[in-house]
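*Asks:* Taken in sequence, the protein lines are chains A and B. Residues in the first sequence are numbered consecutively from 1, following the numbering used here. Residues in the second sequence are numbered consecutively from 1, following the numbering used here.
Hints were generated in silico from the structure; no laboratory data involved. Each residue gets a CB set at the ideal place from its N, CA and C atoms; glycine is no exception. Treat the hints with caution; some may be incorrect.
Claimed, not checked - Computed list of chain A residues with no C-beta within reach of chain B, every gap over 10 Å:
1. A63
2. I126
3. N127
4. M129
5. K130
6. G131
Said to hold, decoys possible - Where chain B lies over chain A, by a calculated footprint (3+ residues, C-beta under 8 Å):
7. 15-26
8. 29-36
9. 47-59
10. 92-101
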Amino acid sequence: MNLENFLLLSAVIFCIGLYGAVTKRNIITVLMCIELMFNAVNIAAVAMSRYIIPRDIADNLGAVESQIATALEANGQLTDTVLPTLLTGQVFSIFIVTVAAAEIALGLGIVIAIYRNRDTVDITEINMMKG
Amino acid sequence: MFSLDVMFWLLAVSSIAGAIAVVSMDDVFWSALCLVVTFLSIAGLFVLLNAEFLAAVQVLIYVGAITILVIFAIMITRNFQEGSTSNGFQIISKITIGLLLICMTFALTSTDWNQWSDYDLRVTPGESTVGLSATEEGIRNVFSDTTPILANLLLKDFVLPFEAASILLLAAIIGALVMVQERNR
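Full structure from sequences and hints, please.
*Replies:* Right, dumping it as structure tokens:
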């Protein structure tokens, strides 16, 4: 279990999702595959924020170490240490989840509107903007 | 540690199997259920990465909300004769995406990541787990209680994107309602 494992897993899930999004004909399956790709990106972001040490922290690791040790001994809260910087990847993941939720709600709204009008969910048959 | 590694491989295999099942199932309903397997495995992976809040968010939003929405949409638009067939791009997209996967694998294994394990970090207080190196144990101590700090980050440093996200969600709700409602003309 290290960074490369997580990134490889993320790449594999991303590629499976991309394959489904490119080849499937049912719009709902395509939307599900896009969700898979979002999740793969989330895994990569969280794994990076967990395993990678930023350069400026690495340069003065001794100070960071004593800062964390003092904070842990005093009250167990790491708010004033480097931890908020390290958690930026998780914040990005939370925003990705938000955007994914909005995207799936709008996407399924469009799917249902198209199904009402055209009676199909096959993306190869939905070509009303074709010239 | 041994059991953490075993958990990682179990979750990795189940998430990839679920993802493959999503793409290969003929019935859209079954592929939505396989999507749940993948989402739950990814929530477990987040727990392994010390991101407990994100794991909870994953279960609530993806497993709880998005899958239910997808299943409702499938039940409204289901076509039993067709199922989830593929278009004619299968072979060429298999080749292209295989090449992409090989490129990504090469790129991320050959990159020299600046990792914590390259440094000697010693943070003593906190629970000690048997079988971990000192640096890994220190990192687990640093990442032990991340939820309050995430809350601080979201409502202080990232408050503008946070508010923008709430406006985005409101717009998405109204937009979805407008598109789905019946028009009586």
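*Asks:* It remains to establish, for every hint, whether it holds in the given structure.
*Replies:* So, going through the hints one by one against the coordinates:
Even its closest Cβ contact with chain B, about 12 Å, leaves A63/A beyond 10 Å, as expected for a residue assigned away from the interface. Listed as a non-interface residue, I126/A keeps its Cβ farther than 10 Å from every Cβ of chain B; the least gap is roughly 12 Å. Every C-beta of chain B lies more than 10 Å from that of N127/A, the closest at about 13 Å, which supports listing it as non-interface. The claim that M129/A lies off the interface holds: its Cβ sits roughly 17 Å from the closest Cβ of chain B, which is beyond the 10 Å cut-off.
Every Cβ of chain B is farther than 10 Å from the Cβ of K130/A; the closest lies at roughly 16 Å, confirming the non-interface assignment. With a least beta-carbon separation of about 20 Å from chain B, G131/A lies farther than 10 Å from that chain, consistent with its non-interface assignment. Interface restraint, the stretch 15-26 of chain A with chain B: holds (11 residues with C-beta to C-beta distance below 8 Å; minimum three). Counting residues of the stretch 29-36 of chain A whose C-beta lies closer than 8 Å to any C-beta of chain B gives 6; at least three are required, and the coverage claim holds.
Coverage of a stretch by a chain is defined here by at least three residues with a beta carbon nearer than 8 Å to that chain's beta carbons; for the stretch 47-59 of chain A and chain B the count is 8, and the condition holds. Coverage of a stretch by a chain is defined here by at least three residues with a beta carbon nearer than 8 Å to that chain's beta carbons; for the stretch 92-101 of chain A and chain B the count is 8, and the condition holds.
The structure shown violates none of the earlier numbered hints.
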